[in-house]
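**Student:** Model the placement of chain B on the given structure of chain A, informed by the hints.
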Amino acid sequence: MSTLGQVTGLLQLVPVQRAGIGLLLAALGLPVVGVLIVGLDIMPVRFAMMHVALLGIAIGQLVGLDPVLCALVACGLAGAGVAPLARTADSLSGAMGLLMSLAIAAALLMLALSGVNANGAFALLWGSILAVRPVDLGVLGVLAVAVPALFIWRRRDLALLLHDRELALCSGVAVQRLMVLLLVLVAVAVAGAIRLTGALLVDALTLLPALAARRLGRSLGSITVWAIGIGAVVNAAGFLISLAWDLPPGPILVLAAGAFALAAHLIPERRTTSWRVPASPSAPSPH
Amino acid sequence: MDLDVVAGERVALTGTNGSGKTTLLRAVLGLHRQTSGEILVGGRGCRTAAEWAWRRRACAWIPQRPAAGRFPLLARELLASSGAPAEAARAAEQLGVDELADRPLSSLSGGQLQRMHLARAVGCVAAGAGVVLADEPTAALDFAGQEETAEVLSGLPVTLLVVTHDRAMAERCDRVLEMAAGRLREVR
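As given, the protein sequences belong to chains A and B, one line each in that order. Numbered by this note's numbering, the letters in the first sequence go through residues 1 to 287 in order. Numbered by this note's numbering, the letters in the second sequence go through residues 1001 to 1188 in order.
Chain A on its own, in the form it takes in the complex (with noise of 0.2 Å):
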């Protein structure tokens, strides 16, 4: 069979067809999250959540209740848990190191109470594509609605507030209240993408393209276009590689997203350069 026959054959699934609408989805809305864990400059706020997810999965698993499920509302407490402290980078990286401890601690004994392999719990790390069911598309939908609809609402305060807090402030922005609503959004957006390729592999949908983007743009509204164009190009040639040759697709997704970002990191240092010189002669030059 050639390889385009494969694909079109394992298209025809519906496993297969659910994980390219889940892949469509995330592109739409997780990019946009990654957009703000890059201005919010929150790496670590991104990776406890992950351990907070876990957490969130093993009560699932005590309880009896969806893992997923308990997942976003751990992490969705957690992110607004966490608000108060992100006044800077600094101070929430500290208190996020406590998070991730707590959450990985907690997890573990949460798993030895109701005598849970803990295997079990930690396969959802790695995720599977293909294992995807309606309700993780329906949680991914909800994100890919609410993100760019976030966006677009609150885009001046989203500008002022990821170019600089004090701004924000003095221009009238409700920085605390929008700080607990972007939270939640990011933990929110890690857990939901955790079915899709995993925990470990996340950033493939959220920070990659943003990290690309963040290149090619240079303004929120241009840098939350590309983070979207670029999410919804890598995922889509990511998933057609890894069914065309038959390959892992979280790790596929994660080299392809990981090659772009590369790749817009050597091309773009020409248009860097070309806004710093001054747009007209006329324009006034103190310095």
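The hints are simulated quantities; they were obtained by calculation from the structure and are not laboratory data. Watch out, some of these pointers could steer you wrong.
[As the list claims (entries may be wrong)] On the chain A side, residues computed to face chain B include the following (Cβ under 10 Å):
1. Ala159
2. Leu160
3. Leu162
4. Gly172
5. Arg218
Glycine residues also receive a C-beta, built at the ideal position from the N, C-alpha and C atoms.
**Tutor:** This is chain B only, laid out in the frame that chain A set:
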């Protein structure tokens, strides 16, 4: 320290580095934690979020070293944050930086950035701010720029509290105060 500024008065604050001039302005805006004492603007203190929101609308701020920012912000977005984008854009035109409106702030020079923040402050005044807190607003400007900025600031119909070492700016103020070791001394 005690400082009373009458509505509409223009006050220049001078003093050695580290004497607390910038801290004073930042404390008025709630950007610096206030450990004791009381700061009133228009007779109003700040305890609730709503009161801080009012204070920050009432006081336009020109920062000492405008942040280049962690994330790109276009100059026109900075002007729009004043609450009166059209007036801020007009001020930017008057200050000769209107053509830079579509550029990220990180690509502007220190002087251009300072002019943009001055234009934003003019927009804030048009949007209802009655106080301008300017922290060395002419520090990054050439001589002509210093004169121009002093002229624009002193011509605003507001209460002005300006930290400055610039003689052109100080001369346009009603009072000049010197700050040293947390105390204020009337110079003029």
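**Student:** I'd like to know which numbered hints this structure contradicts. Please list them from smallest to largest.
**Tutor:** none
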